[in-house]
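2 protein chains.
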Amino acid sequence: MHAQYIVEIDKTLVLMAELVGKSISLATFALLEDDLEAAEKVIASDKLVDELNLEIEEMSSRIAALQAPVATDLRLVMGSIRIAGSLERMGDLAVHVAKQVRLRYPNPSIPAELKETFAKMGHAASKIVEQTSEVITSRNTSLADDMKIFDDTLDELHRELFTVVLSSNWTHGVEAAIDVTLLSRFYERFGDHAVSVARRVIHIVTGEPYGK
Amino acid sequence: MHAQYIVEIDKTLVLMAELVGKSISLATFALLEDDLEAAEKVIASDKLVDELNLEIEEMSSRIAALQAPVATDLRLVMGSIRIAGSLERMGDLAVHVAKQVRLRYPNPSIPAELKETFAKMGHAASKIVEQTSEVITSRNTSLADDMKIFDDTLDELHRELFTVVLSSNWTHGVEAAIDVTLLSRFYERFGDHAVSVARRVIHIVTGEPYGK
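Line by line, the protein sequences give chains Z and C. Here the first sequence is numbered in the numbering used here, starting from 31 and rising by one per residue. Here the second sequence is numbered in the numbering used here, starting from 31 and rising by one per residue.
Derived by calculation from the structure, the hints in this document are not laboratory data. The reader is advised that the hints may include incorrect statements.
Which copy is meant is left open, so a pair is good if it fits within one copy or across any two.
Once the Cα atoms are required to be at most 25 Å apart in a straight line, the calculated DSS-like pairs of lysine-lysine come out as [what the hints assert, rightly or not]: (1) K150 - K41; (2) K77 - K157; (3) K145 - K77; (4) K178 - K129; (5) K129 - K150; (6) K129 - K71; (7) K178 - K77; (8) K150 - K71; (9) K52 - K77.
All chains should be modelled from the sequences, with the hints used to inform the complete structure.
Structure, rendered in structure tokens:
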């Protein structure tokens, strides 16, 4: 049985992860459908993620000062600051995708032949953040290993995209090449952050040294 | 007069900032001179930055548990986790630059006509991290405003580079365009993190709400 303040931190982190999950799904939808309204929604909703990030820090500071947590609880209280930071950054990356849609609107942000690649990236990103919530809630460290699969998928899609952009069949010019490279990088970084959250949860649960 | 543990945290953060400053300077040198040895040094030296990052977290956890810091000291202890995280990420970005040099070696990583732009980016990045150390040591919140100037310079150079890459005079093809865009983004993100460190120090000193 966890102390009430641990339950509160967990709840806030899971809420952040859920919001970030919605953001990346909606950002991907906006990207694939050139939907400005969806893009604007992603951008507007990031404010709440930022607020929760600050809330976590205040909460952790208050708890550290008043409750003198030890062992696992202390690791969670301190670690939650970094977990919230990673989730906040994931929210920013969803916003970057959405802003790219807004920038190019009413033109499509990506060439038609790359839609499938970005659909896959969006899927992997949504799955990975879903599992992030799961790991936080369940403390099931084996889930963290599963996440690695989605992260590998994202890395692979990122590399695949380079092959497409650099092939002699690429007819969309330099600007489109840069656009899709940066977009792809946003998804790839999103995955990295999700994995780092999962590793941190493992560190909290097991007390094992935290690898990068 | 600060408590001994605050002095220790400060010292470690400043050491991290100094190491990161050396890394970005050396990475820029490697980039401008196509110097593989310098690039390898940057990559190897990042291990120490990562270790200090973990040390800060352990230190902060220990202090939170044993010393029950309050007010400014509590904000520093909790905030130092995020400051260290930003500095660690700045180290990663210097490594990204160095790895790009290694990837393209013995070919140059950037076209000759962009050397001046990257030299300026490197200069701004070095200055901004220098001032990061200063802000941590001196708690001089006005320095944090000065840093904004170097961050603006980095943003401006980043935009300038897009103009060069997208102009009809660009003869280096898509791959080089992507390379320099990503490199430029690494410097731009480096500046963002430095500014976020400075804002956090202001938050610690003044207790004012921490803006993004």
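Which numbered hints fail: Hints 1 and 3 not satisfied by this model.
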